[in-house]
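S.K.: These are the residues of each chain, in order.
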Amino acid sequence: AQKVTQAQTEISVVEKEDVTLDCVYETRDTTYYLFWYKQPPSGELVFLIRRNSFDEQNEISGRYSWNFQKSTSSFNFTITASQVVDSAVYFCALIPTSGTYKYIFGTGTRLKVLA
Amino acid sequence: DVKVTQSSRYLVKRTGEKVFLECVQDMDHENMFWYRQDPGLGLRLIYFSYDVKMKEKGDIPEGYSVSREKKERFSLILESASTNQTSMYLCASSLGSGPSYNEQFFGPGTRLTVL
Chain A
1 AQKVTQAQTE ISVVEKEDVT LDCVYETRDT TYYLFWYKQP PSGELVFLIR
51 RNSFDEQNEI SGRYSWNFQK STSSFNFTIT ASQVVDSAVY FCALIPTSGT
101 YKYIFGTGTR LKVLA
Chain B
116 DVKVTQSSRY LVKRTGEKVF LECVQDMDHE NMFWYRQDPG LGLRLIYFSY
166 DVKMKEKGDI PEGYSVSREK KERFSLILES ASTNQTSMYL CASSLGSGPS
216 YNEQFFGPGT RLTVL
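From first to last, the protein sequence lines are chains A and B.
My numbering applies: residue 1 is where the first sequence begins, and numbers increase by one.
My numbering applies: residue 116 is where the second sequence begins, and numbers increase by one.
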């Protein structure tokens, strides 16, 4: 099965707290791509990061960091010192390279950052 | 600034009506996609297109059709709207002609209510 699981439906944190959004994926492919998107209240999904299956280096971009671990099939996303503007729905997605390269999205995690 | 626009943010239609959802992108992208987003289900792919006059079924094409007469425009058609098609509809585009692992750029969505 090819699948993405975001077990956290909704998370609430107080501003300046750190928060980690979990993403677990399943694929039989050895080559695949993982993504994170942010959907603010305005509606459009915004691309945050893409990772291929051969690059397990963690990535940091400002307050955002991503931890990719093939051993546990996880691609978790951490926001450090959260801000109210981080409030959004976050989607993890997988593109397996067999088949038609279609996105497989998780169900999303709604993050609420309270002032 | 790259942009994907959708013709309406909110739409209310009656059961049995024919509904057109329009999407235009200004990035000269070959690939375009239609998704529907429902709570607890994430994004599900309805149809996609890798080129003008080309279309492919996604995961949930039943009850929908599409049209791509021009590169920049991708229309989603509900032939006879039903209440179970009440949803948020998101259009996206990406660079590349054919299967691609490039990031997708999304429109703001159309929230369709079928009464």
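Among the hints, a few may not be true.
Within a straight-line C-alpha distance of at most 25 Å, the following computed PhoX-like cross-link-like pairs (lysine-lysine) qualify [what the hints assert, rightly or not]:
1. A/K102 - B/K172
2. A/K16 - B/K185
3. A/K102 - B/K186
4. A/K70 - A/K3
5. B/K118 - B/K186
6. B/K185 - B/K133
7. B/K186 - B/K168
8. A/K38 - A/K112
9. A/K112 - A/K16
10. B/K172 - B/K186
11. B/K168 - A/K102
12. B/K185 - B/K168
13. A/K102 - B/K170
14. B/K133 - B/K172
15. B/K186 - B/K170
16. B/K133 - B/K186
17. A/K16 - A/K102
18. B/K118 - B/K185
19. B/K168 - B/K133
20. A/K38 - A/K3
21. A/K38 - A/K70
22. B/K128 - A/K102
23. B/K172 - A/K3
24. A/K38 - B/K118
Here are some chain B residues pointing at chain A (derived, C-beta under 10 Å) [said to hold, decoys possible]:
25. V119
26. G155
27. A207
28. P214
29. Y216
30. N217
31. Q219
32. G224
33. V229
Keep in mind the hints are simulated off the structure, nothing from the lab.
Glycine included, every Cβ here is placed at the ideal spot set by N, Cα and C.
S.K.: Check the structure against each numbered hint from earlier and tell me which ones fail, lowest number first.
M.R.: Violated hints: 2, 17, 22 and 33; rest satisfied.
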